[in-house]
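With chain D's structure known, arrange chain C on it following the hints.
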Amino acid sequence: MAGQDLKALADRAATEIAAAADEAALEASRVRYLGRKEGALSEATKKLASLPPPERPAYGAAVNDAKIRIEKALEAREAALRDAALARELGQEREDLSLPPRRVRLGRLHPISQTMREVSRIFATLGFETVEGPEIEWDYYNFEALNIPPGHPAREKWQTLWISNPLGDDPSRPILGRTHTSPMQVRIMEERRPPIRVVIPGRCYRYEATDAIRESIFFQYEGLAIDEKLTMADLKGTLYAFARQVFGSDRKIRFRVDYFPFTEPSAEIAFDCFACEGKDPNCHVCGGDGWIEAAGCGMVHPDVLRRVGYDPTRYQGFAFGGGIERIAMLKTGAPDIRLFYQNDIRYLEQF
Amino acid sequence: MLIKVPVSWLREYVEIPISIDELALKLHMSSTEVKGVERPWWGEKVRVGRIAKLAKHPNADKLLLATVDYGEGRTKTVVTGATNLVEGAIVPYADEGAEIIDGHTGERTILRGKPMRGIQSEGMVLSSKELGLGEDHEGIRILDRDLPVGAVLREVLGETILALEVQPNRPDCLGVVGIGREVSALLGTRLMEPALDRLPERAPKGLDVRIDDEVACPRFAAALLTGVHIGPSPTWMQERLIAAGMRPIDNVVDITNYVMLELGQPLHAYDHRQLRDGVLVARAARRGETIRTLDGIDRVLPERTLVIADGQRALGIAGILGGEDSEIRADTTTVALECASFEPRRIGRTTADLNLHGSSGSAAARRFAWELSPEAVPLALARACRLLREHAGAQLEGVVDRYPQPRPRVNVRMHFSDMPRVLGIEVAPEETLDILRRLQFTVAADGDTLIATPPAVRTDIAIAEDIVEEVGRIAGYDRLPTRVPDGPLPLAERHPFEDFRERARDALVGFGLQEIVAYSLIDPAWLGMLKADDGDCIAPEPLRVINPTTVAQSAARSTLRASLLDTARRNLRQRTSLAIFEIAPVYIPRRGDLPDERTTIAILLAGDASPVKEGETWLVGNRKWDVRDIHGIVQGLADLLRVATRGEEAPAPGMHPGRSLALTDGGITHLIWGQLDPRVAGMWELPDETFIAEIDLVSWHRAAQTVKIAPPPRYPAARRDLAVVVSETTRYADVEAAIRSAAGRELESLGLLDVYRGAQIGEGRKSFAVRLVLRSPTTTLADADVDRVVRRIAGRLQHEVSATIR
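Top to bottom, those sequences are chains D and C.
In this text, residue positions in the first sequence follow my numbering: the first is 1, and each later residue adds one.
In this text, residue positions in the second sequence follow my numbering: the first is 1001, and each later residue adds one.
Everything labelled a hint here was simulated from the structure, so no lab data went into it.
Computed from a prediction, not measured in an experiment: that's the story for all the values here.
Please note: incorrect hints may appear among the correct ones.
As the list claims (entries may be wrong) - Simulated restraints on C-beta separations:
(1) D:ASP250 - C:GLY1621: 45 to 51 Å
(2) C:LYS1613 - D:ALA76: 47 to 53 Å
(3) D:ALA19 - C:LEU1750: 56 to 62 Å
(4) C:LEU1750 - D:ASP250: 57 to 63 Å
Claimed, not checked - Each computed DSSO-like pair below joins lysine-lysine, with the alpha-carbon atoms no more than 27 Å apart:
(5) D:LYS331 - C:LYS1035
(6) C:LYS1045 - C:LYS1026
(7) D:LYS72 - D:LYS37
(8) D:LYS67 - D:LYS47
(9) C:LYS1531 - C:LYS1624
(10) D:LYS331 - D:LYS279
(11) D:LYS46 - D:LYS67
(12) C:LYS1045 - C:LYS1129
(13) C:LYS1129 - C:LYS1062
(14) C:LYS1026 - D:LYS279
(15) D:LYS46 - D:LYS7
(16) D:LYS157 - C:LYS1624
(17) D:LYS37 - D:LYS7
(18) C:LYS1053 - C:LYS1114
(19) C:LYS1129 - C:LYS1035
(20) C:LYS1035 - D:LYS279
(21) D:LYS252 - C:LYS1035
(22) D:LYS7 - D:LYS67
(23) C:LYS1004 - C:LYS1035
(24) D:LYS157 - C:LYS1004
(25) C:LYS1114 - C:LYS1062
(26) D:LYS157 - D:LYS37
(27) C:LYS1004 - D:LYS279
(28) C:LYS1129 - C:LYS1053
(29) C:LYS1026 - D:LYS252
(30) D:LYS252 - D:LYS279
(31) D:LYS7 - D:LYS72
(32) D:LYS47 - D:LYS37
(33) C:LYS1114 - D:LYS157
(34) C:LYS1045 - D:LYS279
As the list claims (entries may be wrong) - Over 12 Å on every C-beta distance to chain D, these chain C residues come out as not near it, computed from the model:
(35) GLY1043
(36) ASP1295
(37) GLU1375
(38) PRO1408
(39) LEU1750
Backbone N, C-alpha and C define an ideal beta-carbon position, used for all residues, glycine too.
Only chain C is shown next, with the shape it has when bound in the complex:
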């Protein structure tokens, strides 16, 4: 939680003999993250001025001419409408060009001199609002008479503020005093206690407190104060509240907030007139119970909500939001002041139920969601009573404090040797004890044994490691040596799938493709843009994000295709050639289990295959990617990974029906490649000729073969070219299958030289010119041997695919 601590406030509780920047660094390194040190933003042109002379404006009844002395004899004439000025008053003066806050818009602005009713105003005397110190814009801010005239204002007025990020284990640091305790431990300077009024033992007449749910409300105290005069709180208090990020309201509310900012413990003040039966009760909301909260909203309370009620109705949501009925009003004279402890998770759940989460929640609710110490309750109450007496004329009539199950004190029993055991360095016992005492721990040592009792406000200390951290951080982590772990190295496991995946990644990069990494959460509407017709989606119904940050990231993708097409679309707006791939899991839902995260490869080719560099056609000409390119990449990848791409051929949804292929094996489609359906391409503003491939890498890994390494062949190969003339409808695969089965083991390789169509072979026929490479492992093949194989092939081709050999 971000808190703002004005340094002057902190100095009330602890001496700071070093610069604020040095202090900030020490806090940041050893205690509380420092988000920033904020200083007044007024520049050199805002100075301390003195009203040397005050005269009526000759042309306007409601305006004055003030002559302002701002040091070294310099004076300027200022036109002002303020009514609170007198000669000799010390005021903030802004010269032309100074940065101030515009009193009307609230925005920062640069001051320009301007004529007002015929007289040039050469500068400005400023209100609190124009300095950003408050809301007051009625009159000019009157400064302390002792301030030196001419001084740069930010050097004599205004506050340096530490912006601190307090971690949720340290609710004790949510107040100025808690930070003071840390500073005291870090610097070894004394911590001052807040000024308190002693709380009387007697219960007040006309106010009682009852706890109906001791788990939800472990401690509940209340004070009754009479004779209260409602009015504004003192200026210094208002300024500190503003500096800490709160809005001043009236003296009673401001004091409860001030004490919260000091001690971390929220309080709530009720107008005692509104309390029926003179009692405050912490109880669960009744079915259908409603309340109008301070924000003016009528709320129906969920049944388990803890409320603070009087004898008849709910007054507020405990620890979270007060009710409008019982709020402090201008004519309030008797105040019931609540100071209680609530179970933090219950507070967290209720803020969630009421949608008052995070920064939208009240400052009190955010503090109560942390484990505040019940021991802070009497302290905060006593502090508030003191301030109410001093600044609201309140008289304390009595206090009632219900604390049925006092929290046991924590005593951590440990050994001094735990320091080197955990930290890796020795910390001398004297230093250990000194650090703990500075942190207000009670310590007792006996030999190696140490018993440490944290101060009552600390709720984060339970085990020896907690004490080790306290000592280690205050001693400073820069004292830890850097050591590389020794000891036996664990035996590492093999990761064959990950190795396989990385070989695929390297292979595709080697083929010249650019890898992409897209968001794994996508717009679910994208899944509807992957098919031309209204049929089923190409991928399973995806997992959904219940609370997406944007609809564009609200479904866990069950296919990589949409991300790939989106990436292609955006890139093709500024380039003519694209060859990309992604390797990532898709998330396939499983009933009653986490999804199957299946690693998948997706590849896309679109636009120019050449030139590689735009416009550079002189050696390579122009060529577009085609379906043979995507096939080549798939085949090359399969060959490198030693995967035999087998399976049943099936239609590939979302793809060009005549130029794509899907292979399924055991019901799983492990490979799709070909041309994207041009209608789908159109939806993504992609060229008709867009080619993609998708590979289920898990299936491929299962199908990968281990290789048997053989020496290179010893005998020469024989080469023979054949022209196989077949009908136009005959597929090459059938020709190849026939040749392979007829040739047997001696066929080392089969290459397609050319496909020819023309008058010489007749209408409706085509000729595959192929090269056979034949080799025997045991002998040099003679011409007669080769002839015999070729005859066998010719016979088989004729029989199986009605081919003739030319």
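Here chain D stands alone, though its shape is the one from the complex:
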């Protein structure tokens, strides 16, 4: 057989192998071409010895080429048949995927925790550091240091839960459930020097009847920024920036006059009512005026600055405080503040 014949043999074999229908046909082709006894290439190899020596290298190379081609064709066809068989098999392993899964138990943060984190996160983008402080507080920090001495009529705004210590009370230093997070303004300023930018989330207490939007135990966030040139416009801008991040830019916001003994001037920021959008005169959420108070705020009173040893001719700044639950309710439309503390899982798992 000449070199050309060997090439033709390999071509024929490749065609035949590629057409092999199954493993058996493939095996038959392998025996026919590569079989040790009868195989066509075995025959050709045997012939090598009978050739004159100068022709042997070329012939040997041709035999080898043919053999490699046939082996590759066998391998390829074998793989193709195996894949086809596997695909057939997988095609028969059919599951009803509409059946319920093996369930994962889902844990969730309480909406109060979610909201406190969001408040801290947003104020962090404005450069405010989150700080915490005591819930059970001295009268001094809660009131006196904030320009609200005993007997001051403004104390009526912060109806107080007074606390008794089982290890003994000191009548000259009454303690209370802090009625707001504002005592932390004083504590922070006592510890630090300006510039200051902090936000303080935390639990507060009031002697107050509860209803759909008021609790006697609740959470607030307090903000404080002190520097040399901060103004009311910075305060307004900070709260607007916060409100936009929490509620998006389509919530309406307004800024009106208010009174707190520890800020001057004082203001209140309100959002338009999420429940009625100002359309229901009997709305149980906004009371019908279409606005929901979100935070009290103002420029820190010079007397408060003086009391912590700051020079009010050099330093000035602003403070604000609002309700955590109020934000959660505004954001989610949660209907009743008391539901947050009943901890009915059917309610909590919606947040």
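Just chain C, lined up with the frame of chain D:
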């Protein structure tokens, strides 16, 4: 303080050229919080009617048949028992279906036509009471003859009322005139002064005034009025008092209240006959002094109480409550009228002492607890004298006014540049001056310097920032730009504990637990429900609320356990599976200091561990939570937080004695986990198998380790399984300790494959099948190396826990 201002009254003092809704918005934004605008509630079916014909009822002597014309020729026949009707009278008429007030019950009701003695009454002519305008139910309300017949009544009669929340720094706004001053400044319209009688300089004969305590009573004036005729006050005055929320009594008392509602300054009228020695004295109560106050209660006065007395005895509690002895009676003809100024904190303390706080206190006391200006005293007295002359026939005999230390006028010296310094915007000096003048400030400007003097009735103005607020609010806060603060950012501190706590919170949520936030004030009785026996409570004696709103919130919790069990109890009424946690401080009392607020974790598992979704058992079957679950959560949390949970084991009070564990370190129990004592569970209606864990997070934070990061191992591990047969009483922990100490550093991990008990190993014994994973950091371990380690382990196990290896 909530005050109600009838708009018609306000209009007497200031022009209001805009709608009331617009006015309300301006007040709300720039001056005084508007709680609501109240309008008459009568519907369209209450109209102006005219009595066209009046006839006797054929079947009843005391009833009349009135034919009422209510416009456009429409008439209805009404049966009435009223005796004050005449033909042609203009009256309020309610058609069937109208809402009115039931004259007997005082409740609102819908009018239904009904037969009266055989004749159908098709509507009703109304008394003042039925309109809610007063108490009068004797006769029909006769209206002004000029009112158009047929008009909807609320459009021609009745009052629009502003409900305003006045802030405690603005006592000057407690009266209609004060609100008028604000409106005048807001709208730029003129403020009218109240009509006054000039007060004579002369002191009256038979009335003197003395102040014994000038601090408690800085100013005390009184007028003597003779020839007074006691009777009802005019209808318009009664209606305004009712609209403002007060009850009419008689002309003298009504006038004192009317002036208070106008000017914010309370007055008090005495029957001069009862004044012994012809003198009014402001003095401290004497020891044991008693008085019967107007509410009919005999009170023993605390010693520091300021009283108004005559020459012999206390007549009333100054500024708070008058006495019964000297009150105005029907036959009073001579009146001593007191108008004074009291130190507000003293008033506040006394109302607290007498338990006359807040809304239960008198209208006067609530006003005196604020810093009213002493300058309002002569004004209010002059106004009252005028009204008493006009409406009670009173003749003013003289006035005595004691004001030993006149309050100095406040002059605030500031700069126009304080406006941009505080507000962040420029306000032109002309505008600044204009706003202040509209607020009745006296102003003087010199270059950048401004001297502002507030009107005498303002007591809230002291510093430049106060003036800035006045200008800013009237100019409108909507003019402030929104700016984000610039300047250097402060360097923030680290908060490692808070970070640690939040990692714990995230970890527990990741484990599939629902977070709860419970009230931090609890029912102290709950603390007694945490142990089966009568021994000490599981937690320290808590801080108590002195004035709780409810006993259910009267103790600051010293453990989270009660809240957790209560939450579980309520949830398990409607679900079969519960896995919850709370992270919150407990309040541990400290002597002479605020409590230690220790952040604590509490975890509870009860009911089904699976299925997660009720009824869905097809893949997971039914499994209840068990003690290994709570252990797993605790261990997983410790591993994530890198806390080595070390310490002395101790009994855990309130827990199942055989299935719980407490770890203490340095006297502090930092971890409790296991099964709740089933007897405690029973008290909370919880299943016997309720599992809880409590972690003192402060201790854990101290015990947390910083991690050293290493690359993953380079050499392969060798695995070897052993069956360790020990006595039933041997604890796994001892086996594990023996294996670890014998294996040394090459033991990478030790896992428990199984615990086996059975005939093959004999009675009273058990077999722990464990897997050792051994690895060397420097080489691939050969079989011979592993064999050597296993032999060492076997020897140690035999020696220490009498184990045999199978």
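Against the structure, the hints come out as follows:
no. : hint                             : verdict
1   : D:ASP250 - C:GLY1621: 45 to 51 Å : holds (50 Å)
2   : C:LYS1613 - D:ALA76: 47 to 53 Å  : holds (50 Å)
3   : D:ALA19 - C:LEU1750: 56 to 62 Å  : holds (60 Å)
4   : C:LEU1750 - D:ASP250: 57 to 63 Å : holds (59 Å)
5   : D:LYS331 - C:LYS1035             : holds (24 Å)
6   : C:LYS1045 - C:LYS1026            : violated (33 Å)
7   : D:LYS72 - D:LYS37                : holds (21 Å)
8   : D:LYS67 - D:LYS47                : holds (15 Å)
9   : C:LYS1531 - C:LYS1624            : holds (24 Å)
10  : D:LYS331 - D:LYS279              : holds (19 Å)
11  : D:LYS46 - D:LYS67                : holds (14 Å)
12  : C:LYS1045 - C:LYS1129            : holds (17 Å)
13  : C:LYS1129 - C:LYS1062            : holds (21 Å)
14  : C:LYS1026 - D:LYS279             : holds (20 Å)
15  : D:LYS46 - D:LYS7                 : holds (17 Å)
16  : D:LYS157 - C:LYS1624             : violated (51 Å)
17  : D:LYS37 - D:LYS7                 : holds (21 Å)
18  : C:LYS1053 - C:LYS1114            : holds (20 Å)
19  : C:LYS1129 - C:LYS1035            : holds (26 Å)
20  : C:LYS1035 - D:LYS279             : holds (17 Å)
21  : D:LYS252 - C:LYS1035             : holds (20 Å)
22  : D:LYS7 - D:LYS67                 : holds (10 Å)
23  : C:LYS1004 - C:LYS1035            : holds (10 Å)
24  : D:LYS157 - C:LYS1004             : holds (19 Å)
25  : C:LYS1114 - C:LYS1062            : holds (17 Å)
26  : D:LYS157 - D:LYS37               : violated (109 Å)
27  : C:LYS1004 - D:LYS279             : holds (25 Å)
28  : C:LYS1129 - C:LYS1053            : holds (24 Å)
29  : C:LYS1026 - D:LYS252             : holds (18 Å)
30  : D:LYS252 - D:LYS279              : holds (14 Å)
31  : D:LYS7 - D:LYS72                 : holds (15 Å)
32  : D:LYS47 - D:LYS37                : holds (14 Å)
33  : C:LYS1114 - D:LYS157             : violated (51 Å)
34  : C:LYS1045 - D:LYS279             : holds (26 Å)
35  : GLY1043                          : holds (15 Å)
36  : ASP1295                          : holds (22 Å)
37  : GLU1375                          : holds (19 Å)
38  : PRO1408                          : holds (19 Å)
39  : LEU1750                          : holds (28 Å)
Taken one by one, the earlier hints fail for this structure at numbers 6, 16, 26 and 33, listed in ascending order.
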